[in-house]
Amino acid sequence: MSQLHKLINKAEEFSAYESDQKHTWCSGCGNFGILNALKRSLVLENIKPQETLLCFDVGCNSNASDKIKAYTIHGLHGRVASLASGAAIANTKQKVIAMAGDGATFSEGINHLVHAVRNDYPITFIVHNNNNYGLTIGQASSTTKHDFAMNGSPDGVIPEPLNTLQFVLSFNPSFVARSFSGDIEHMTKTIQMALNHRGFAYVEIMQACPTFNKATPQEWYWDKIFDIQTIIGYDKTDIWQARKIVDSLDKDLAVGVIYEKSKPNFVEQLKNREGLGSELIDEVKSTSITGLLQEFR
Amino acid sequence: MSANRTVLKIAGENGMGLSSVGEMVQKALKKNGFNIRSEREFPSTIKGGKACNIINFSSSKIYGLSKTIDIAIGLDREGVKDCLETLKPGGILIHGFDRWNKSIKNLPQIVESKKLQVFLLPARDIALENGGSVIMVNTVLLGFLWKVLGLDIDSLRQQIKVQFQDKSSIINVNITCAQAGFEYNFPSKTPSLSVSSNKLDSTKQILIDGNTSLALGAIQAGVRAYYAYPMSPSTSILVYLAKVSHQTKMLVKQAEDEITAAQMALGSMHMGTRALVATSGGGFDLMTETVSLSGMIETPLVITIVQRPGPATGLPTWTAQSDLDLAIYSAHGEFCRIVLACSDATSSFENIQHALNLSEKYQIPVILLSEATIGMGYETTPEFTDNTIPIERGIITATEEIDALQPSDRYQITSTGVSKRWLPGKSKSTYFANGDEHWEEGEITEDEQEAGSMIKKRLIKTKTILDNLPEPEIFGDPMEADISFIGWGSSKGPMLDSIEILAAKNIKANYLHFNYILPLKTAKLIEFCKQNQNVSTIEGNFNGQLSNLIESKTNLKFPQRLLKWNGRPFYVEDIVDFVREKVNKT
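Protein sequences appear in the order of chains A and B.
In short: position in the first sequence from 1, add 55, done, that's the working numbering.
In short: position in the second sequence from 1, add 8, done, that's the working numbering.
Just so you know, the hints here were simulated from the structure itself, not pulled from any lab data.
Careful, some of the hints might be misleading.
With a straight-line Cα cutoff of 27 Å, these simulated DSSO-like cross-link-like pairs (lysine-lysine) come out [stated by the list, open to error]:
| hint | chain 1 | residue 1 | chain 2 | residue 2 |
| --- | --- | --- | --- | --- |
| 1 | B | LYS251 | A | LYS326 |
| 2 | B | LYS257 | A | LYS318 |
| 3 | B | LYS538 | A | LYS340 |
| 4 | B | LYS212 | B | LYS69 |
| 5 | B | LYS464 | A | LYS340 |
| 6 | B | LYS471 | A | LYS103 |
| 7 | A | LYS103 | B | LYS538 |
| 8 | B | LYS434 | A | LYS340 |
| 9 | A | LYS65 | B | LYS69 |
| 10 | A | LYS316 | A | LYS299 |
| 11 | A | LYS340 | B | LYS69 |
| 12 | B | LYS212 | A | LYS148 |
| 13 | A | LYS77 | B | LYS464 |
| 14 | A | LYS61 | B | LYS538 |
| 15 | A | LYS61 | A | LYS299 |
| 16 | A | LYS148 | B | LYS471 |
| 17 | B | LYS471 | B | LYS538 |
| 18 | A | LYS77 | B | LYS257 |
| 19 | B | LYS251 | A | LYS65 |
| 20 | A | LYS148 | B | LYS464 |
| 21 | A | LYS326 | B | LYS257 |
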């Protein structure tokens, strides 16, 4: 059954995520497609709005915080990986998804990304990479193409763009995937796989920004993307193969799950909580300290 | 000055096992029935620089520290030099540094001018003769100290057994060394200090530092996640909570920086557990944007600042009360917060519990101030008991109430400013916790009416809180004192001691102490200032941060301020000397 057919059977579940709030994105913005794919993947995974905590950073993408009817937080710029991780740790039964742009992920909050990946916190992290700061009207980000003139850098951006997937793959992640904002079906499938990953699932969406990113419009991506599954014998558990496949930023942009390994996540590795079975949110109660006082007597 | 106590200093070079010697002495003194208040001084180094333990002990209750050193042990050259400088005239110095004559300048003059009683033990020889190593010089000196203090050597023996329980092979030799030190006789008279103990029932007392007390309060209050980045003088909270985490099952996570620690704590609180972070001023600087977010989305957040002097790296291992302004005025935007301050170990245990309750009840950030002198200093205090402060969370949990919830209940405009809070996942009615200005469901709004109403709703909590917050506490006779003080934090300890010391000099002093500082309660304060004519403030900072706050909120003026900002805590002598200047009665 096609994705759409499955969704038709879940129209009611889908509509539960619908919000009446007015959208504030430019026409042609990749965020519409990403938001749609996010709703689709949640519905197809049978996750109800009250079973989620969707954490948003700051930027165009995160203005979706009230455009999807679920438990959401709209936090601070650059900090969403930490905020979402802290939330997820407290209740692993609630599905925690973090959304952030390339500015938040690779500039303001780049340290949080590094350590969230290393710690393998149990969240899905979706980067909306449109190669610029849209909401502040078109400044350069770490992923803006070299020499391209942006607001604030009229003579062109001096550094070369960051290779985001190489960067993430260097931290020994447990899940790395990429998709494209123009392909809702592919994004949906990719996010679904991320939702089923037990640790930190890094999903990067290459996002068209028709207003400010003239360097790589919609067609530019369509021209360059290919499904990683078309590579015969591609082994997504081989990190060196993964690092090689994402080497280029200008051609042959692989989409799909690029790297994945199964290992216990951060919470599952906490030795002092082994076999406990309860969540931190269920454990808040007056706790006797009498036994601990012995060494002070 | 007679402060009804003996002050013992143990000094040496940093990193030479000083803190374990200090710990052993304090525990053994406690077992002898003494009350203890001690401080540790050490530089921000791993090895090198002078360090010491200053142990005040008494058979009656003491609250603060004195700097009149009666007796000192110098463990090495650095320690002996330090003791010579800081011992009171006529004080006793015990040491085993046999080359001291050659290596300390002006030695005879110092000893003569201060009339010090110096006892140089051949401690190295004694240790080696008894099968010990050079490091056991410390134990020999402690044995001799026990004789000088007239204490039962068995109490030291027992403590040695406890101290070295993980290194059983060295227990016996340490006991032998202690015994040999105890039995050592000088040809001249062995000095003696009469420190007869009342034999208090030490089993009902614990000997504990403020940071550990705060950590225990957090455990008691159901904190299930602790996030921190190491920073003196708060680090021992992290270390202790991690150490006992297999008993408590608490999640203890050292984050990559303070921003992360605060964000993770806010995330955990939002999801519905109780989380905590602690840091010092510099780390709190990085947390302030998260404080602002907590104020906006009305998710509880409790941050502890164990203060040290700044600015910048400042004096990492020393003490201050200089971050009150930081706690009150930090973070952008206008929102409601509570600031409270610990004054000793017991209040650290209690205040963290109050802080968590207040933060959840009013859905606001709460900042709990402590100080290096509280966090790292030890004191004897009545054993903490379970269930004295019930947990108050203010969250909706009853099924019928949950079922009746509407999304717009979450940030509904109310007369108290407090709306219903329920945990993500608990109701079908979802809400947006929005860092952008929002309306009642949390949906973004830029409408002038809605924005104005929502900002006001969050801020009127201050009035609600003021109506419910306890007034400051007065110590001593509340009226017509010869001199009165107003203060906060660790000043309370030496103030309580000083009231007694001054009473013995026929000077009537009293003290008004702020445990809850913001929002500022003023009724009792104004009454206090009416009933007392000679009112000073006492604060461990240069500007008089609380004094200025009170002046800005009332018509009161405090031209007379006892301020200290050099990294040292207030000693009873600081207060008594100040009073001597201000009160003409002696």
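Hints, verified against the model:
no.: 1; hint: LYS251(B) / LYS326(A); result: holds, 13 Å
no.: 2; hint: LYS257(B) / LYS318(A); result: holds, 22 Å
no.: 3; hint: LYS538(B) / LYS340(A); result: violated, 44 Å
no.: 4; hint: LYS212(B) / LYS69(B); result: holds, 14 Å
no.: 5; hint: LYS464(B) / LYS340(A); result: violated, 33 Å
no.: 6; hint: LYS471(B) / LYS103(A); result: violated, 39 Å
no.: 7; hint: LYS103(A) / LYS538(B); result: violated, 62 Å
no.: 8; hint: LYS434(B) / LYS340(A); result: holds, 18 Å
no.: 9; hint: LYS65(A) / LYS69(B); result: violated, 72 Å
no.: 10; hint: LYS316(A) / LYS299(A); result: holds, 17 Å
no.: 11; hint: LYS340(A) / LYS69(B); result: violated, 33 Å
no.: 12; hint: LYS212(B) / LYS148(A); result: violated, 44 Å
no.: 13; hint: LYS77(A) / LYS464(B); result: holds, 25 Å
no.: 14; hint: LYS61(A) / LYS538(B); result: violated, 77 Å
no.: 15; hint: LYS61(A) / LYS299(A); result: violated, 35 Å
no.: 16; hint: LYS148(A) / LYS471(B); result: violated, 38 Å
no.: 17; hint: LYS471(B) / LYS538(B); result: holds, 25 Å
no.: 18; hint: LYS77(A) / LYS257(B); result: violated, 45 Å
no.: 19; hint: LYS251(B) / LYS65(A); result: violated, 50 Å
no.: 20; hint: LYS148(A) / LYS464(B); result: violated, 35 Å
no.: 21; hint: LYS326(A) / LYS257(B); result: holds, 9 Å
When each numbered hint is compared with the structure, violations occur for hints 3, 5, 6, 7, 9, 11, 12, 14, 15, 16, 18, 19, 20.
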